[in-house]
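From first to last, the protein sequence lines stand for chains A and B.
If you number the first sequence the way my numbering does, the last residue is 314 and the count never jumps.
If you number the second sequence the way my numbering does, the last residue is 314 and the count never jumps.
Please note that the accuracy of each hint is not assured.
For chains that are exact copies, the list does not tell them apart, and a pair is met inside one copy or across any two.
Said to hold, decoys possible - Below, in silico cross-link-like pairs of lysine to aspartate or glutamate (DMTMM-like), each with a Cα-Cα straight-line distance of 20 Å or less:
| no. | residue 1 | residue 2 |
| --- | --- | --- |
| 1 | Lys191 | Asp181 |
| 2 | Lys75 | Glu121 |
| 3 | Lys288 | Asp266 |
| 4 | Lys270 | Glu213 |
| 5 | Lys149 | Asp8 |
| 6 | Lys89 | Glu231 |
| 7 | Lys60 | Glu72 |
Since the hints were derived computationally from the structure, they do not count as laboratory data.
Bear in mind that the values here come from a model prediction, so they are computed numbers and not experimental data.
There are 2 protein chains.
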Amino acid sequence: MEDCDLIIIGAGPAGLAAGIYATRSGLKTLVLEEKIAGGTIADAPLVENYPGLMKVTGLELAQKMAEHSKLAGVKIHEFEGATKLELKDEIKTVKTGRAAYQTRTVVIASGSHYREIGVPGEREFRGRGVSYCGICDGPLFKDKRVLVVGGGNSALITTLYLSELAAEVKIAHRRDVFRAEEALVKALANRKNIEVLWSREVQAIQGEKTVNKVVFYNKKSEAKEELSVDGVFVQVGESPNSQLAKEAGVEVDEHGYIKVDMFQKTNIAGVYAAGDVTNHPVKQVGTAVGQGIAAALEAYAFVKRPYYK
Amino acid sequence: MEDCDLIIIGAGPAGLAAGIYATRSGLKTLVLEEKIAGGTIADAPLVENYPGLMKVTGLELAQKMAEHSKLAGVKIHEFEGATKLELKDEIKTVKTGRAAYQTRTVVIASGSHYREIGVPGEREFRGRGVSYCGICDGPLFKDKRVLVVGGGNSALITTLYLSELAAEVKIAHRRDVFRAEEALVKALANRKNIEVLWSREVQAIQGEKTVNKVVFYNKKSEAKEELSVDGVFVQVGESPNSQLAKEAGVEVDEHGYIKVDMFQKTNIAGVYAAGDVTNHPVKQVGTAVGQGIAAALEAYAFVKRPYYK
Chain A
6 MEDCDLIIIG AGPAGLAAGI YATRSGLKTL VLEEKIAGGT IADAPLVENY
56 PGLMKVTGLE LAQKMAEHSK LAGVKIHEFE GATKLELKDE IKTVKTGRAA
106 YQTRTVVIAS GSHYREIGVP GEREFRGRGV SYCGICDGPL FKDKRVLVVG
156 GGNSALITTL YLSELAAEVK IAHRRDVFRA EEALVKALAN RKNIEVLWSR
206 EVQAIQGEKT VNKVVFYNKK SEAKEELSVD GVFVQVGESP NSQLAKEAGV
256 EVDEHGYIKV DMFQKTNIAG VYAAGDVTNH PVKQVGTAVG QGIAAALEAY
306 AFVKRPYYK
Chain B
6 MEDCDLIIIG AGPAGLAAGI YATRSGLKTL VLEEKIAGGT IADAPLVENY
56 PGLMKVTGLE LAQKMAEHSK LAGVKIHEFE GATKLELKDE IKTVKTGRAA
106 YQTRTVVIAS GSHYREIGVP GEREFRGRGV SYCGICDGPL FKDKRVLVVG
156 GGNSALITTL YLSELAAEVK IAHRRDVFRA EEALVKALAN RKNIEVLWSR
206 EVQAIQGEKT VNKVVFYNKK SEAKEELSVD GVFVQVGESP NSQLAKEAGV
256 EVDEHGYIKV DMFQKTNIAG VYAAGDVTNH PVKQVGTAVG QGIAAALEAY
306 AFVKRPYYK
């Protein structure tokens, strides 16, 4: 058993920002991370939109944040993910494969994962033509040819977004109708550089150093087809890593995202959430950082001045 | 007259983050700044808590953000502050001393200003021993002697915060009783390294390269006194730069901060606010950046897909 003021679940941008602020404020803080510190941003080929760092790879940004945290004295246990949370009492318990930690407060910053389509080449070319985030990576495909895979709101929004940057955007959907809002479908039809490929299932993503081809199965013609592209945006949904929190009684929305208020508070006193795991509408490094900071300072207030609202 | 999709009022961290995201998204964006791009963070002697940039001066951070914005193609008019906002109609007008701009959306990121005590040496030593933010600059005074000036909640919170870092903290108040919450006053009394200097008016802040002395007038003894210190934290309040917004009908709270929701929306459609000018409880560079990003993406959604909620 070890005693903490604050345990942070996850060492992505939200968790590391929370760690820096909490540690600097004097809270006895521990960050638990099931992989290595930095978070999924490490997968992004290039990050041009984290203000202050002009042009960094996702890996560099992840490493800078991890290094910054360590320099600030943040205690991070890598390769030690939480396996169970007990949050209802004043003193909370976080269990891992190695130990059980007691703590006054918890910040859940466990992020989310993009759903994959699960075809050959998808993982191989991730960060080299395969992306899961239009806002993050779209500008890298200016005047190029890209393919979006999916048929829901986020796929259509990404397609519209990319159509203002890329030369040509194709969207491949396995059905013959979108499951998206009418206004988005109409907007799509009005763009000249967008083409919809109905009833296509992606079978493989191919390339050399980077992506140059996608192989489809056309469900109508029952033929195999090939398409030359420079990039593939997979938009078949994402899921928050909120299972443990949910099991511990933390309230989530209909998609599983943890509900937070302006102070990053959850429904349980002393339990906060920040970053991609929350129901905040924007999922960017810069917003995750802001939320991590707010969560840490709120946890600080809870521990150090419990009677002061 | 010039037409924009988005005008951003203020080029501090919130405004610049909004500018980067809006410009990259393809919105025709203009940032208006009455001074130079970067914001009041430029006054901070050292910033150690903006995740990813380990140790920068406030000026360096401000310059990095400004440079990043310019590299991203953000159009910034420096030395051109807004003088009047007309926000009620669908097409809004922002007037400056030089022009009147029409725009679909507005992000107000005009920041706030710390109230000064107005004594000799205060401006001279700002950033060289005189600070207005305990969380920002407290760790620079580890094991040193600091003075807090003020008697309200924020002065007491800063004093408590600093007492865990500095060797000795004195707090000088011009009255003989605090105007702060009971719990804070009690907490203060329990700390051994805090001393309260009642009925003292600061008359001057002195030093050589950095602060080393404060001169008081003691209202009880009617004597002039001197105190050797390494740092002075002025905590006599801050005020949001929200006057123009308020005149244009934007709703503010009882302290003048612009009321925003989780999407950074104000009470007027198409008008957003981000950073220190808002009623968000945390005022840090990292949170301002997160809010600027969210505001820009919300403005993008408003302009590009008005029927899509």
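Quick rundown of the hints versus the structure:
1. Lys191 x Asp181: within (15 Å within a copy, 68 Å between copies)
2. Lys75 x Glu121: neither (32 Å within a copy, 36 Å between copies)
3. Lys288 x Asp266: For lysine 288 and aspartate 266, the Cα distance is within 20 Å both inside one copy (16 Å) and across copies (17 Å).
4. Lys270 x Glu213: neither (47 Å within a copy, 45 Å between copies)
5. Lys149 x Asp8: Answer is neither; intra-copy 54 Å and inter-copy 29 Å both fail.
6. Lys89 x Glu231: Classified as neither; 46 Å inside a copy, 57 Å across copies.
7. Lys60 x Glu72: both (18 Å within a copy, 12 Å between copies)
Checked against the numbered hints above, the structure breaks hints 2, 4, 5 and 6 and satisfies the rest.
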